[in-house]
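When we follow the UniProt record's numbering, the leftmost residue of the sequence shown carries the number 1, and every step to the right adds one.
Worth flagging that the hints you see were computed from the coordinates, not collected in a lab. For clarity, every value in this text was computed on a predicted model and none was experimentally measured. Here a beta-carbon is modelled for each residue, glycine too, at the ideal position from N, C-alpha and C. Take the hints with a grain of salt, since some may be wrong.
Stated by the list, open to error - Pairs of lysine-lysine residues, derived as BS3-like cross-links and limited to a Cα-Cα distance of at most 27 Å, are as follows:
# : residue 1 : residue 2
1 : Lys104    : Lys126
2 : Lys104    : Lys183
3 : Lys84     : Lys126
4 : Lys141    : Lys104
5 : Lys229    : Lys183
Claimed, not checked - Pairwise CB distance ranges, derived in the manner of DEER restraints:
# : residue 1 : residue 2 : range
6 : Glu184    : Glu85     : 30 to 36 Å
7 : Ser88     : Glu221    : 27 to 33 Å
8 : Ser182    : Gln214    : 18 to 24 Å
9 : Gly134    : Glu200    : 42 to 48 Å
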Amino acid sequence: MNSPIIVYPSTEQQQKEEDSSKMLTSPIHGKRKSSVTFDLPMQQPEAEEQLLSPCATSPTIDIHVQVVPNTMLVALFDRAAEMKELVSHNKTFFLALRSHLDSKWPRFENTLYCERTQMPDVEWMKRISKALQGVPSLLEKFKELVGYLGEEEEEEDVTDASDHFFSHVTISRIRQMPERLSKEAYPQFFINCQESMGDEYQGFHQLLFAQSDQLDDRTWEQKMHDYLKPWPTILEQLQEIVAYEIEE
């Protein structure tokens with residue numbers, strides 16, 4: 001029986017294999033690192049591209065912006081029309097206003113729906129505030145409804161401004177419309193007069209409603225100011241009433 005033949009690699013082939021093994025494991029070369037790739041971004045679907053760049057594919061949309069004038073103190077562009085909408089949507093509140101103002105409601109309502117071109121916001125709010133000054137809660141609610149943009153003044157500042165504002169009023173002008181200065185129209189004013197003046201009230205009342213043929217307006221005005229010197233608050237209230245009635 002023949003013995004198996006064992007083939008040994010040649011010295012040259014063995015040397016090549018050893019060199020190859022050394023190259024793969026030698027510290028100089030080390031193991032091959034993973035290659036760094038710079039992949040191209042994935043193509044966005046057409047719908048996504050439109051969302052990301054709407055201006056490039058969509059028509060231009062014009063947006064009209066209305067400039068707010070610096071004289072605007074309430075958030076109502078068309079004040080008269082928008083006030084009518086506010087009244088219709090807040091009937092309970094405005095019924096409360098009407099009940100409080102009573103006979104003065106028609107004049108208040110005229111102010112309420114007055115166009116901004118006829119009466120700027122500052123004067124409009126001044127008249128509203130004057131009419132509702134006796135009921136701060138209703139005034140605050142009104143400001144909230146119309147979106148009042150003005151700054152709230154300190155109570156002391158408001159009083160000073162009010163005194164200055166009405167001090168120029170010619171009170172004799174109310175003599176042309178005495179029915180507007182009746183006890184029914186301003187009951188609290190006459191109550192204040194009686195409580196402040198006591199026995200002097202009757203003389204004041206007679207002077208207040210003195211006929212023009214008895215006293216001319218200039219004399220009446222001077223006598224009224226002299227008579228009310230001891231009661232400046234009453235004079236201020238009278239000036240305010242006259243200003244409201246003659247819309248000064």
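**Hints violated by the structure (numbers, ascending)** = 7 and 9
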